[in-house]
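S.K.: So the chains spell out like this:
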Amino acid sequence: MNNNRLIVAAAGSGKTTFLVNEALRWKEGRILLTTFTQANEAEIIKKIIEINKCIPENITVQTWFSLLLKHGVRPYQGALFEKGIKGLVLTSGQSGVKYYSKDNPVYFGEKKDFEKHYFTDNLKIYSDKLPKFVCRCNEKTKGEVIDRLSRIYSHIFIDEVQDLSGYDLEFLKLLFKCKIVTLLVGDPRQGTYSTSNTSKNKRFSKSRIVHFFEDTSIDIEADSDSLTINHRCVPEICTLSNRLFPGFKKATSDNNERTGHDGVFLVKSGVVAEYLETYSPMQLRDSIKTVTNKNHRTMNFGESKGLVFDRVLIYPTRPFINWLIDNKSDLAQTSRSKFYVAITRARYSVGIIYDYGNHTDILGTVTFK
Amino acid sequence: MIIRKVKIENYKCFKEFSIELDEGINILVGDNESGKSTILEAIHLALTGLLNGRYLKNELTQYLFNNEVVTDYVKSLKDKDGAPKGPPQILIEVFMSGDNLAEFEGDNNSRKAPDCGVWLKIAFKEDYKSEYEELVKNGNVETIPIEYYEPVWESFARDQITPRTIPIKSAFIDSSSHRYLNGSDVYISRIIRENLEPKEVVDISQAYRRMKEAFMAEEAIQTINKRIKSSAKISEKDVKLSVDLSSRNAWETSLMTYLDGIPFHHIGKGEQCIVKTQLALGHKKAKEANLILLEEPENHLSHSKLNQLISTIKANCEDKQILVSTHSSFVANKLGLGSLILLNEGGTVRLKELSPETKSFFERLSGYDTLRLILCKKAILVEGDSDELVVQKAYMTQNQNKLPIEDRIDVISVGTSFLRFLEIAEKLNKTVSVVTDNDGNVAALKKKYENYLNDKSKCNIAICFDETEDSGDLEIGGKKFNYNTLEPKLLKVNGLKAMTAILGTDHTGVDELHRYMKSNKTECALKVFDATRKVVYPQYILDAIE
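Protein chains in written order, with this note's numbering: chain D, -19 to 349; chain E, 20 to 565.
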């Protein structure tokens, strides 16, 4: 049997629950559950407690970065770097800028400026370089890093695997080759973040990560069928989300509950306040720059990942509206993922603010008032 | 799971010290003040965080540090042109091996190479940089600024840990008893607790809590509380009597261990030692190992009790690692000389490192003499009892009638096994003189001791013999008389008249006296020993005493 399994799951299909149940099945050996965000780590812990009352002794939940730092960097750090590493600093974009040449950054090279390439001045390791350091450490110690890890954990389960990129994937490859049993669950459609922006494995980032696993040199069994039932969103929402990613296996909804306001609604800007008063949806926006109604709760798309609301109200961007009107129009990969996440947060209703005028016949939507 | 090696730096008498341990029994032998107890204490400290039964954090003092290191440090700051040193730190490094220890693997150790283990560091805390700077600037550093120190545990994987996470638990069994406030013995509570499975610990603490709650629910208590409440007008707040439910390990400090109905700390020290050891030996947990540290069990045990204890240890030491410190040859001998670790001038020598012949020789021996050689300051090795007496007397004559042993110089008669003892002496770097007869063949003697003579001579080993080969016509029983042993040499230097006076005999001929001395060696030696007259000693004996 294959030691490594990837399950491509749809939003709302109960990924985390599935993963937690899988982990709880093992009474022997030690299991590590890891995921990219702290929010999702908390979600996993909450799920385990819901099902099992407490975290069993043989299960460890840890974020991806903390795993890399604890078991990847620290044990054999001495092979590469003597000084004490003071922790981690989260970076967006490539780290270790040496100077700017006509507004274009020039970076510290690994060979020439090892310390500056990997670390801040106060010796915190850049998050985008973290998995690279781990891979280097493993090379230098002739595989001690992975060997040690494989003697600690019998199983490593990764949730939201779509968030990994760059050297993370190199580290994954090393895991696949050792005796640890891995189970990866993720929804490539939700790849709004990635752990780093390094050029390594760039072609596999975001929703294309699924292709990484099609690489024949990687020993993994991919499964796109097990988790395609969306337990969360009503059929209207589910259908719209499927249309954002036509290349993927379609998810089907089994939420047949009706509340009297169900599906996808176009809301004119003039009635937003009234809409908010009536349905109390969570307002979702692309970034802090978008002005929302101060009297009601607001979140950025990215932030909302992993969360569930009864209703949401989306402040769309222009390209999204264009796509809504014509599904063939251009929508960047990141934006596509963000809207996919935003829509699939809602159980019953998605409101989209759009002064539709005469455009009342947009596919899959109903106008509010 | 075992401890393979322990490295100690700057702790008490050890500036730098390392000791390797074997599976099973390890016997630590050394003189008083050689640091036996310190080693046990340091290992226990690193594994439990306990010093004298209390938490190290609250017990930090400058006296934990090696005195020399502290002096050097203070001096380096005071010296005008000396190179100032940073605040010193204590390091106790524990190297482990066994299954399920992968988490403790890494290169965060003094070897800077992949290994498995943990360390305890008592070091200056970076948070106090500015205070320290102020202190140094004012030139007020008289000793270690211990208030800015803290103990830190880390695994070789650079993971900060607490002693709780270390899978090897240690049970320290010594003569002192450290007690909780209620009088119950700290170590016995610990040993018992460590024998319990997590479920049992939970059961106990729950039962204890229920008992307290039941007490609170008692009608009498409630009535009393009502009365207190109504009469106490101390403040606006509710005043009532309650049992302490707050402390975390309440049951441990409140419950007492009983033996046949007698509180543990009221039973004899010897019995305490046996019970603690047996409990520790009974420790059986799959995921943890147990190290038993037994300090000088002979101190408070009668011979038969000691015998009983040792038999128990021998019978139950399977899968256990035991470190016993002792200066009892009986203990060393019974537990097996192969496990002997000799502690000497800050280093260790293991008996198993000796050549197999020498090792088996000493294993067959009583063990007593080995320990004598180890424990004395200097040794004079002689062949037999009579040589021993004469050498002792010669020493007393030279040193205001003081016995050599009073100066910690041991005169040991070793029969013909000089070379075996020298092998140990060499390993221990012990000052040793050999007093030997030349038996009429100086060349053969020189050949025998060739590794210790001329260009191969060792500064700590002196081979003393008479360079002159004496001869004569006397034959006894058809055999030529050996003129080159102690007695004829004594007669030679003292002369017939003086010798008969010393021995209290009336021999008139030299040959006659030779005969008498040969057949009454011990008697003659005793006479020499008790002599009030001046005795002249052969030069080689005087050399040996020097």
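Calculated directly from the structure, the hints in this document are not laboratory data.
Hints are not guaranteed to be accurate.
[Stated by the list, open to error] Taking lysine to aspartate or glutamate pairs in the DMTMM-like style, the calculated list, with each CA pair at most 20 Å apart, reads:
id: 1; chain 1: D; residue 1: LYS63; chain 2: E; residue 2: ASP134
id: 2; chain 1: D; residue 1: LYS50; chain 2: E; residue 2: ASP178
id: 3; chain 1: D; residue 1: LYS104; chain 2: E; residue 2: ASP134
[Said to hold, decoys possible] Computed spacing ranges between beta-carbons, pair by pair:
id: 4; chain 1: E; residue 1: THR80; chain 2: D; residue 2: ASN1; range: 52 to 62 Å
id: 5; chain 1: D; residue 1: ALA253; chain 2: E; residue 2: LYS218; range: 37 to 47 Å
id: 6; chain 1: D; residue 1: LYS120; chain 2: E; residue 2: ASN71; range: 21 to 31 Å
[To be verified] Reference listing, derived: stretches of chain E covered by chain D, where coverage requires no fewer than 3 residues with Cβ under 8 Å from a Cβ of chain D:
id: 7; stretch: 175 to 186
id: 8; stretch: 352 to 366
Cβ coordinates follow ideal geometry from the N, Cα and C atoms, glycine included.
S.K.: Would you mind confirming whether the straight-line C-alpha gap from LYS50/D to ASP178/E stays at or under 20 Å?
M.R.: holds, 7 Å
S.K.: For the stretch 175 to 186 of chain E, do three or more residues have a beta carbon lying closer than 8 Å to a beta carbon of chain D?
M.R.: Coverage by chain D holds here, the residue count being 4 at a Cβ distance below 8 Å.
S.K.: Mind checking the hinted window 37 to 47 Å against the Cβ distance between ALA253/D and LYS218/E?
M.R.: violated, 58 Å
S.K.: Is the coverage entry for the stretch 352 to 366 of chain E by chain D consistent with the three-residue Cβ rule at 8 Å?
M.R.: It is violated, with 0 qualifying residues against the three required.
S.K.: May I ask you to test the hint 21 to 31 Å on the CB atoms belonging to LYS120/D and ASN71/E?
M.R.: The hint (21 to 31 Å, Cβ to Cβ) is violated, given that LYS120/D and ASN71/E are roughly 44 Å apart.
S.K.: Run the distance test for LYS63/D versus ASP134/E: straight-line Cα separation, threshold 20 Å.
M.R.: The given pair, whose Cα atoms are some 19 Å apart, holds under the 20 Å limit.
S.K.: Given the hinted pair LYS104/D and ASP134/E, is their alpha-carbon gap at most 20 Å?
M.R.: Violated, at about 25 Å.
S.K.: Please check whether THR80/E and ASN1/D have a Cβ separation lying inside 52 to 62 Å.
M.R.: holds, 54 Å
Of the numbered hints given earlier, the model fails hints 3, 5, 6 and 8; all others are met.
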